[in-house]
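Undergrad: Residue numbers (the working numbering), protein chains in the order written: chain B, 145 to 521; chain C, 61 to 239.
No wet-lab data here; the hints were simulated from the structure.
Watch out, some of these pointers could steer you wrong.
[Claimed, not checked] DSBU-like, lysine-lysine: derived pairs with alpha carbons at most 35 Å apart:
| no. | chain 1 | residue 1 | chain 2 | residue 2 |
| --- | --- | --- | --- | --- |
| 1 | B | Lys494 | B | Lys433 |
| 2 | C | Lys164 | C | Lys139 |
| 3 | B | Lys146 | C | Lys215 |
| 4 | B | Lys387 | C | Lys215 |
| 5 | B | Lys387 | B | Lys494 |
| 6 | B | Lys456 | B | Lys387 |
Quick caveat: nothing in here was measured; it's all calculated off a predicted structure.
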Amino acid sequence: MKAAQVIMDTGAHAAALAVKSARVDVVPGYPITPQTSIMEALAAMVENGELHARFIPVEGEHSSMAAAVAASAAGARVFTATSANGLLYMHDVLHMASGGRLPVVMCNVNRGIFAPWTLWADHQDSMSQRDTGWIQYHCSSNQEVFNTILQAFRVAEQINIPVMVNFDGFAISHCLMPLTLPPQEDIDRFLPLHEPEWRLDPAHPSSFSNVTNASEYAPFRQMLSEDIMAAIPLVKQAAQEYKDITGMWDGDTIDTYRLEDAEVVALAVNSMAAELRLSIDILREQGIKAGLLRPRLYLPFPAEDIISVLPKNAQVMVLDRNYNFGHPGGILAAELKSVLFGRRNDITVKNRVMGIGGIDLTRRFMAAEIRAMMDEK
Amino acid sequence: MLELRINGFGGQGSVTLAHLLAQAALENGNQGQALPFFGVERRGAPVRAAVRMSATSIHAHSQCELPDYVVVMSEKLTKEAVNEGINEFGAVIINAPHAVAVEKHPTWQVDADAIAREAGLFSADGPFINIPLFGAVCRVLNIPQNIMEQTILNKWPGSGERNLGAAGKAYNTVTQIRG
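Bound-form chain B, shown alone (with noise of 0.2 Å):
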């Protein structure tokens, strides 16, 4: 058996890397800071023959997502990356992917949304994205977004919806980590050739996506909602089996750390929810009873994990990258404070938003803002 490799590279490398282990047949792909660099590399592997996939440079995302609506149509496994702006162009599209149930695989890169311009991350671009009928995952690491990629696939084709994988621009994606490369074989057993029991053939003509009575469209969106909601067993089933072949794990829905015990509870997405490992280690030297809740996937929301994961009369502090507009704070508060209600009324939810624009979240300033919120009513 060949045994890993350990390589040093970046968070949008790692995505590359992840797409062409994947052995994706399509990439069709339109250049947006920070995603870019997953793009260029993909668009190099399939230049150089390392990816024998069909590469299609297109004048903008909307046509990206077109084309890898209508590859996945005709059957094949389809990857692509943007990043703000670029996901909210596609934003018509996305629904059309989903209503479609196309099983395709795109990195979202997260940045600010204009205007005014930002370059670096904040979780506005995803999060805005939530009623389009995508899974959602959010990562933390360089590994995380190389394994999540391989686990998206899995769960997208499984059930015919597609996933979005997310990890924040510059501090993941232009971060140098070390990283660990599966055998292919291992790789080819988890993930197998995409098999679609349905695909548009030339040769035996259908018709698809027709306009609909209401009869006939409320079931399909009905068949949607619910489907989303089934997929969470999967999501827990592929990185089950993700860490039995490789022996990797990032979590499934959820990811906690030191949250047994815990009295404060910091809740967060992404590469700050790494950052906050440390700021839980410097409160729990300070004697707080500190612990970390990071949702791995944010769409589906994992309510039932989070309800029985949380420690009895937990203060909950939610640190969101984003806005709600129309509310205070953000949307991840939001989302807990909805399930919780009516299941957990012993939890306190407290809130703050942070990082916006990519403004630097250290372990210090996490650890201090949760002590503040801690003497907040």
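With chain B fixed as given, assemble chain C onto it according to the hints.
TA: Quick look at chain C alone, frame taken from chain B:
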């Protein structure tokens, strides 16, 4: 966990220096991380990069606010670089043609410009100082010289005498000015 911040000017090769240091950590049996700060890049503008080395997994993803070492790629940036933040017991490594020291902090000096010029290492912006600075930082961090050399050879296979010579010279001439 050991944290470094590199302060330089755009075009001096701070990203490559950060990558080399993170790769040397891995080569030396540790975990390494290079996290350059990407702004709206311009040649000549002040730039910075974070580097971390650790025996265990690295979870930090912020820029280093209070690093254990500040690497100053140009003497002109010394004050600004130190004022940006340094650990109370942190040390400073400065590229300067003469002995310089920072108040209250252990200071090392290396003449990376002269070493690069002498080795014939030039970029579009002047002497290619990240190779000698890499050698100097390895010495200060007690990374063995053979690990330093292997890291350069891994990055540029067959890169030859000029790079290895310049890094080695800096490794052996970096001087502690203040203890």
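Undergrad: All the hints need checking, so say for each whether the structure fits it.
TA: To see whether the hints hold, each was checked on the structure:
Restraint check for Lys494 (chain B) and Lys433 (chain B): satisfied, since their Cα atoms lie roughly 16 Å apart, inside the 35 Å limit. About 13 Å separates the Cα atoms of Lys164 (chain C) and Lys139 (chain C), which keeps this hinted pair within 35 Å; it holds. Of the supplied pair hints, the one linking Lys146 (chain B) and Lys215 (chain C) holds, its CA atoms being roughly 24 Å apart against a limit of 35 Å. A hinted pair counts as satisfied when its Cα atoms are at most 35 Å apart, and Lys387 (chain B) with Lys215 (chain C) qualifies at roughly 31 Å.
At roughly 34 Å between alpha-carbon atoms, Lys387 (chain B) and Lys494 (chain B) fall within 35 Å of each other, so this suggested pair holds. For a cut-off of 35 Å, the pair hint linking Lys456 (chain B) to Lys387 (chain B) stands: about 30 Å separates their Cα positions.
Every hint, counting from the list given before, is met by this structure.
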